Amino acid sequence: MSTTLERPALTSAGKVASSKGDRTLVRGQVRTGWALLTPALLHSGIFIVVPVIAVVVLSLTDYSFGDSFDWVGFTNYTDLFRDPNFLASLWHTVLYAIVVIPISMAISLAVAIGLNQRIRGLGFFRTAFYVPTVTATVAVATIWLWIYNPGSGLANGFLSLFGFAPNQWLADPGTALPSLMLVGIWQGLGTKIIIYLAALQSVSRDLVESAQLDGAGRWQRFANVTWPAIGPVQFFVLITSIVGTFQVFDLVYVMTQGGPGSSTRVLVMDIYQNAFQNLKLGYASAETVIMMIVIAIFIAAGRRLQKADTND
Amino acid sequence: MTSVSLPAVGSAKPPAFRAGRILLYVVLTVGALLMIVPFVWMALTAFKSNGEIAKFSWLPSELRWRNFVEAMQTAPFLRYFRNSLFIAVGETAFTLAVCTTAGYALAKLPIRGGKTLLNYFIVLLMVPFQIILVPLFLIVKSIPLFGGNNILGQGGIGWLNSWWGLIIPLGAAPLFTFLARQFYVSLPDQLAQAARVDGLGEFGIFWRIMTPLVKPALITIAVFQIEAAWNGFLWPLMITTSDEMRPLQLGLAIFSQNPAEIQWPYLMAGTALATLPMIVLFVFAQKRFVEGMANVGIKG
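Chains C and B, in that order, give the protein sequences. Residues in the first sequence are numbered consecutively from 1, following this note's numbering. Residues in the second sequence are numbered consecutively from 1001, following this note's numbering.
These are calculated hints, taken from the structure and not from any lab test. The model shown is predicted, which means the values in this text are computed figures rather than measured ones. Backbone N, C-alpha and C fix where the C-beta goes; we use that ideal spot for every residue, glycine too. Some clues are possibly wrong.
Said to hold, decoys possible - Far from chain C, some chain B residues (derived; all Cβ distances over 10 angstroms):
1) L1059
2) W1065
3) R1066
4) V1089
5) G1090
6) P1110
7) F1146
8) S1186
9) I1219
Said to hold, decoys possible - Across the chosen pairs, the derived CB separations fall in these ranges:
10) A229(C) x E1062(B): 46 to 56 angstroms
11) D70(C) x V1069(B): 32 to 42 angstroms
12) N224(C) x Q1257(B): 50 to 60 angstroms
13) F1284(B) x W227(C): 31 to 41 angstroms
14) T1029(B) x S202(C): 20 to 30 angstroms
15) V1123(B) x I119(C): 34 to 44 angstroms
16) V203(C) x V1069(B): 30 to 40 angstroms
17) V1280(B) x G66(C): 39 to 49 angstroms
18) I103(C) x E1062(B): 50 to 60 angstroms
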């Protein structure tokens, strides 16, 4: 394929084409380039960029599926902070993120380190840990709904083996949210393990071995070589986890519908209900904007932590 | 970690090391079981009789295969299944068409502002779907000249409750454009040059020379998109109104909504139907999943 070519390379846009023929060639490439890009640009423009702008605009109106709407300024926002449903859902979402993210990151990293040893059956372990991740959240939620069944579910059946009294799990406002968190952690491990594993495998073996020769113990090698090397990946996992936990919906929809009471009401659940059951689109949009801001705050805090960590 | 080349460390360690090894296997095995047991429990329940599930037990007294048939009669799981399949195939075809072309253009063609455009897609891939939920619904409802809409997108339901609405908005996510671009970048430019000298047009170079070379990457993208489409829930929940259009996940959720009437063996049979294809896909395409995750995670 690679014949010897005397022509200059024409691949970078900045390069000045030398002859007239080359210039038409480049023009052809540019034209094809735009033709190939247009569908993706149109699609992302219509279905992502416009909606992002629209959600901000809608949040300043009282739009509710009718023909007309009024500008209401920041009324939606001030109303939201007096709305017990919204406040509960905001709190539960933040709590969910604060509990689920550190625990699932720690477990995933530990498992990935385990799988990064020379062990047999790596394929089996990898499959086992990843299967919950490729399974639809609705299916996962349905299975756990049955596991948490107070009458004859697996969770109480298992506890009874050790003589514990049966729990109400999802029916008890005190345990409903933690029960959901457990499922969230369980389902989310797979992705993180695989990302960590890929990162661990790219940590320089030479560096680890030279640290070993210098007499660094297992823990020291981890703290001084491995941990700094996987820093950027930690940050990536953190951000995707933050965004992911703020989107929790399927799990809640199937398992509790936000109940009992409002003990498992989360942001997307509240947005969904305000928009499509109460038909308050403007109000739901304001809620969405607040969710964006909270996610941004979390990410900024995460970056802070990350920076503090690498400065040590 | 064998003690062959490192006598200083190896000689003191073996017994403790061995114990550590065993502990490692025990911990990993227990962990793996915790991941799998819920699925085993699902499968076992799917074979039990309705009377049997009143009390906790592990094994069904007999394997009631007819539960699967009866589940189909209680809810149209088979139709849901077919709808999911249709959506997954449609979204994947659409994604491959739109994202490979855009990815190739970003990677290999001299477009002014190409770098900015790449950044544009990278920024967009971070926009969570839940953020655009409400306006996306309005846009899909106002697609002109569909579903009884006039040219201004008023009067009808647009793409709501249609295959278009189920497939197009969620296809071609910027993530896949970015992934495709990552794969095309690694191809040598000389290949395109040689084809140009031979008189092949630019589109021909994309389609006949470069794209066949990234086939493994296309499979990776397809596997990811199939999974995303198959597992989607919130969007179909919002835009479908008739049972005819509902995908499997939505069917499952509706079936499990009435706690008093849930027939657990049937529900678990339906869940198995929803779960199995993705597990099979994963087992066959394990390498692709890992590759795709690693690509997004590390280069992203």
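Report the numbers of all earlier hints that the structure fails to satisfy, in ascending order. 6, 11, 16 and 18
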